Each structure stands twice: as C-alpha cells, then as structure tokens.
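Colleague: Protein chains in written order, with the UniProt record's numbering: chain S, 1 to 366; chain V, 1 to 366.
These aren't lab readings, by the way, just hints derived from the structure by calculation.
Since the model is a prediction, treat every value here as computed from it, not as a measurement.
Hints may be right or wrong, so weigh each one.
Since copy identity is lost for identical chains, a pair holds within one copy or between any two.
[What the hints assert, rightly or not] Listed below are the simulated BS3-like cross-link pairs for lysine-lysine, each with C-alpha atoms no more than 25 Å apart in a straight line:
#  : residue 1 : residue 2
1  : K203      : K7
2  : K356      : K19
3  : K117      : K102
4  : K253      : K102
5  : K281      : K79
6  : K135      : K320
7  : K79       : K277
8  : K135      : K180
9  : K80       : K102
10 : K128      : K311
11 : K320      : K104
12 : K19       : K80
13 : K308      : K104
14 : K2        : K311
15 : K241      : K95
2 protein chains.
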Amino acid sequence: MKIICDKVDLLNGVNTVLKAVPTRTTLPILECILLDAHSDELKLISNDLELGIESKVKSDILQKGQIALNAKIFSDIVKKLPSSKIEITVDDNFKTTIVCEKSKFNIPGQSGDEFLKLPKIEKNNYVKISQLELKEMIHQTIFSIAMEETRPVLTGELIEINNKEFNIVSVDGHRVSIRKSVMDIPFDKNVVVPGKTLSEISKILSSEEDDVLVYFADKHILFELENSIVVSRLLEGDFPKYEQIFSKDYETKIEIDRKDFLDSIDRASLISKDGKKTPIKVNIEDDNLIITSNTEIGQAHEEVSILKEGKDLEIAFNPKFLMDALRVIEDEKISIQFTNSLSPCIINQINGEDYKYLVLPIRISS
Amino acid sequence: MKIICDKVDLLNGVNTVLKAVPTRTTLPILECILLDAHSDELKLISNDLELGIESKVKSDILQKGQIALNAKIFSDIVKKLPSSKIEITVDDNFKTTIVCEKSKFNIPGQSGDEFLKLPKIEKNNYVKISQLELKEMIHQTIFSIAMEETRPVLTGELIEINNKEFNIVSVDGHRVSIRKSVMDIPFDKNVVVPGKTLSEISKILSSEEDDVLVYFADKHILFELENSIVVSRLLEGDFPKYEQIFSKDYETKIEIDRKDFLDSIDRASLISKDGKKTPIKVNIEDDNLIITSNTEIGQAHEEVSILKEGKDLEIAFNPKFLMDALRVIEDEKISIQFTNSLSPCIINQINGEDYKYLVLPIRISS
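Could you put the whole structure together from the sequences, leaning on the hints where they help?
Modeller: Have a look at this one:
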C-alpha cells in the first residue's frame, strides 16, 4: 500500500475515528485504526464492537492495500507532523513508513485482514435532520441517562419518530428529559441508542446547518455525514412509558428566571459535605421562592422572585438534578409545575414545547 | 467584626491568598484564611508555614475584628456570589454571616488568635524589579529545579544579586538554567528561594510593567506588590558553584532554528515506550542535524538544517531535558556548543546573554 494525503485531512479523519477506539480492551486489534486503501480513496476505520466509525480522507492512492496501525502511536505521530504532504507506505511485512518533509517514522502494523469489519447496514429506512439540531437535542438530554447497568436500556436514549415528530428521551429513574423536533417527511420508528454512541456522535456533528442522514436496521443505527459514517448497536429492552407521568394537572405553577434559579441552587449546594448530594429545600411563598440548605458546614438561604399560580409549597430536591436541566435550557424564563411535596415536578418552556424535564423530589422530615 | 466590600475585590484577594493555603495539613487552622479587619482596611492572610501571603481588600470596616474561615468553603462561596456588595458579620461565637443581594450564608469560623501570624520582616534591604521581567525569569528557569528532596537546596532557585546584575539559577543535577537581568541600583545578595514560592508568586505577578519590591532578611524573603505581600522562608545550604562548568571552549558549535529543533525532538520522542525517558540520538554531520530514536515501538528519523563550526559529533540526550529549555526560549534561532559526546552541551542566545542552559548528555553504546 502507498498513499499520499494532506496532514490536515488525515488528522481530521484520525480525530474522528479515534472516538470509537477503546482505551482498554482484551483484543489488541481493536486498539488499531484500519487504513483501507482498496478503492480510489483512503478510509480510516475504528470499531469497539458497540460503535464503529469510518472516515474518508482525500488521498492519492499510489498502490492499493490496507494496514491496521496502533491508534495511539499513529495518531500521536500524525498530530505532531508538520502541516504538509504525508506519504504512507506499507511493505509485505506490514512495516509502515510515514514520511513528511524531513520526518520519517517506521512503525510495525498488523494485517488489515485481522481487523473486525463494520456491520453492513441496508440503506433503506432513513430520516434527515440538521446536524446542529441533533447535536443540541443530545446535549439537552444525555445527562439524564442511567449510569448503572442494572437496566441496560436506561443507559441509552430513546429515539422516537412518530410521523413528523422526532423526539429524544432519557430516563434514569429519578428524572426524564425530552427534546422534540419536527421533520419535513413523515416516518415511524422507535429505537434505543447507547449513550456512548450519542455522546461520541455529538462531538463529530458540525455546528453548522448541514444535515445528517440516520439509517435504521434491525439491530443497528447508522449516521451518515459528509465524510464519515458512524454505526452503532441498538440497545434491547422495553423503554419505560414516560408520557403518562407528564400530567397536565398541578396545584402550584411558577414562572422563574432560569439563570437566577440556577445560580441560587448552585450556591446553596455549596453547603453540603459531599459535593451535591445533600438535598436542598425549596419553599414557594407568594412571589418568592426560598432555597435553604443546612448541614454541619453551615446554612445557606437564597431567594428568587417568582410569579405564582396556586398553592404555597415546601419540597426538597437533589440540587444536581435541578441544575443539570437548568444548565441546558436556553430560555431566559421557565415555568415549573408542582403537585405536592412527594410528586414529580415538571419544568416547561414558557414559549414552546420543544423541551420538558421531570424530576422526582426527595422526601424530607419537616 | 463587620465589613462591606465588593465581590470582585474580595475575590481577587481570596484568589491571591489561596496560593498559600496547604491542600493537606495536620494543623486545621492552616486550612483557613484569616480576615483581619483591625485597622481601617481588610487584610486576608494565609500561611502554610513556608509561604505566607497577605492581600489587602478595599472595604468599609463597620466594626473592627478578625476571623479565621475555612479557605475552601469561604472561597467557594465568594466565587459564586453575584458581582455586588458583600457584607460579612461575625458574632461573639465566631459564627460568620455573609450576605450578598438575596443570598445569605452562615458558616462557623475560628478565633483569629489561633491563626499563625506571618513573620515580621525588617524592611531595610530591598531591590526593585519589573513584575513582568521577574515572571519571565521564573518561567525560564523553574523547570530545572530538583524534584527529589535529597539535596533540599536544589529544590529552590538561587537569586544572585551582584552589583547591578540580578540572576536566577536552577540546578537539578542534570542541567543548569540561568536567566540574567540588569537593575538600576547596585546591590549584593545571594539567597535560595523555594521553588514552590517562586511558582506561586509568578502566578500573582502581573504581566504589566509594574514593579515588585523584593526585601531580604536573614531567613526570609518578602515580595511586595501593590495590594499583596508574599513572605517565604529561604532554603539553607550551599548552592552549587555553577559558573565554572559554563566553559567558553567547544569542539563543535551549531546555529539552529529553535522551533524546528523542538518539533523534531518532540516527534522523535514519540517513539519511546515510557513517555520521554528513552534517549534520542543526535548526529551532527556538516549542515545537518539528524535526530534518531529506535525502540520496540518503531524508528524515528528527523533532519534539521544547521550552520556548523568545528567537528562532526554523535551525542545522546534525554529529549525532555532539551525540550524544556527550547520551549521557554523566545529567540527564533539559537546557538549550541558541544565538546564531546560525554561532556555537557550549552544552549546560548545568538543575540544577547540573558539566557543560558547547560545539559548533560546520556552515555550510549554506539
């Protein structure tokens, strides 16, 4: 194999596929990037068996072939080479020579035949969505996937496509995040995508208005971008029915400045020995929301102005669970509805219905 | 005690004194910041017994007094308060109330009497130097202090003032960094200042043209800035005589582009199993400097153009020891002189004599 490409193009490709190289594995071949120059372009491929990424790099293919190179060493070298033409040559013993200006590296490679190919996906069923929007949807929901593996399906996010509605939902047993968007063309599909896949793809998605094509197969999902494809296994299992707990009924409803509320909770949670674990108490009294926290470290007392509808209320929360959502909402003011001190509260947008967040309170002795 | 001050001023002061709060200590009072409002201004004081910092904060002193507050909790609160007026009140039981807009914190304090006062320094002997220049001098030398405590004096830097010459020197057994500057007024003093002190003071020094006054006492050094003073113990012991090893004689002398040389060493050192520990080989041949590295990971070969005077040479180095110096030099081109493959090499500026660096080679079997 012999190819020539630009350092900048190669580095972009390498940085993309690195996201699916496992940091620790018992299968050494997975720590490699496959350089596949069988056709008239160079493809870089990585595969951690759950997630696989393929990225095209504009290259002159002088001699076809393929090679698997240790991802860490190869990427370290590419990063540090000058911004110039890079020539990569592989001999019959898989010895790989990388030349760029006055730099020359020899590293041993492994036969590309040993590399585990990405699953083949039939490209029949797909939807099209803006990369920027998908990136935002993931950002606004990924934090409330479950960390524990006790119910694997909760470590992923539900992608729920119903006619022209495209929703992403995450549920971790304490809270639910929902982000909705609207597509041009109707489709129907419900799949659960691993959190790691969504977290990695959101780093690859561009912040511009380009689209991404999302293909669905029986056990896989495939994201197609301009120069890259990302293939992931889907999670199996029944995703919780979340709609019914989003009740429209409430006893108390407030309108509050999002940033003021976030900052106040953030400060009150400083008074907590072990980070953010101690509950904070929230008292809704007329046009005031009072946050208090009381531990052996001291006491905090915070007030935020509100518009209130309904009853006064005392309720307690894990401060982190409120802050996580308040950080990803972009609206200046939000609406929050409560039933009583033991029932979930729901954060809504005041203008719009794209984002909803439900969180369970913590029972406290008063 | 009762004081009112601006959040921004208080935060500046807190951030400054935090640098002398030890992260772990057996003496809990050292984990505190002392707020001293005995005079007509607020002083914040921290002291880790080697290094002490005092910082003035513009305040209205409504009731004089002092209090020692846990540095972590107090600084976390101040950081997160709104940018507004902060009122701090201490009652007879050292309970401290911090109020800012609609936020109120109560935290327990300790009697200021328990706090270990900073040593009193007679302000007789001092020199004046630009803060920016001192910051740069520390930056260009601090990396070659010794890490091990086997010879404590080498964990500090020599400040050597000889007439109008002000030099900072560090020596770690493998290399020597020297940075010189010139003062307006003659003085004479040789002291060894702990590396930690210099590293912390360099973070406080401003990048503008303000001066810092440096006072010398028997066992202490004191740096006086506009709003802060930093006091440190000096290190005892004989600092090595370093001048004699900076020989003017050489067998080989080269002129080389600093950045090209740095980048080439950086790349060649990638071929090393355990970070930067494997020596790189340097061959000087006519108008080429060739860097090679050869380990089980692979081989690197780098070439850099040079202007050479004297003999060809083969020599080997710890790549980190060369890169450390090449990173802090600002000149585009540098000169390097060698005697033979077992003797130190010396990096010099081509224009100027402010900075000198000496490094020992590593003996290799050829």
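Colleague: For each hint, tell me whether it holds in the structure or not.
Modeller: Hints, one by one, checked against the model:
1. For a Cα distance limit of 25 Å, the shortest separation of K203 from K7 inside one copy, 21 Å, qualifies, whereas the shortest one across copies, 37 Å, does not.
2. In this assembly of identical chains, K356 and K19 lie within 25 Å of each other by CA distance neither inside one copy nor across copies; the values are 30 Å within and 43 Å between.
3. Proximity of K117 and K102 under a CA criterion of 25 Å is satisfied in neither setting, with 35 Å inside one chain copy and 60 Å between copies.
4. Within a single copy, K253 and K102 get their C-alpha atoms only as close as 68 Å, which misses the 25 Å cut-off; across copies the closest is 22 Å, which meets it.
5. For the homomeric pair K281 and K79, the shortest alpha-carbon distance between copies (22 Å) is at most 25 Å, but the shortest distance inside one copy (50 Å) is not.
6. Taking the closest pair of Cα atoms, K135 and K320 come within 25 Å of each other only inside a single copy of the chain (22 Å); across copies the shortest separation is 40 Å, beyond that limit.
7. Taking the closest pair of Cα atoms, K79 and K277 come within 25 Å of each other only across two copies (20 Å); inside a single copy the shortest separation is 41 Å, beyond that limit.
8. In this homomeric assembly, K135 and K180 come within 25 Å of each other (Cα to Cα) only inside a single copy, at 13 Å, whereas the closest approach across copies is 53 Å.
9. Taking the shortest alpha-carbon separations for K80 and K102, only the intra-copy value of 13 Å comes in at or below 25 Å, while the best inter-copy value is 51 Å.
10. In the homo-oligomer, the alpha carbons of K128 and K311 never lie at most 25 Å apart, since the shortest distance is 45 Å inside one protomer and 67 Å across protomers.
11. Taking CA atoms no more than 25 Å apart as the test, K320 paired with K104 passes between copies only; the shortest distance there is 20 Å, against 51 Å inside one copy.
12. In this assembly of identical chains, K19 and K80 lie within 25 Å of each other by CA distance solely inside one copy; the values are 19 Å within and 35 Å between copies.
13. Only between protomers do K308 and K104 lie at most 25 Å apart by alpha-carbon distance; the minimum there is 23 Å, versus 70 Å within a single protomer.
14. When the C-alpha separation of K2 and K311 is checked against a cutoff of 25 Å, the pair qualifies neither within a copy, at 74 Å, nor between copies, at 39 Å.
15. When the C-alpha separation of K241 and K95 is checked against a cutoff of 25 Å, the pair qualifies neither within a copy, at 54 Å, nor between copies, at 50 Å.
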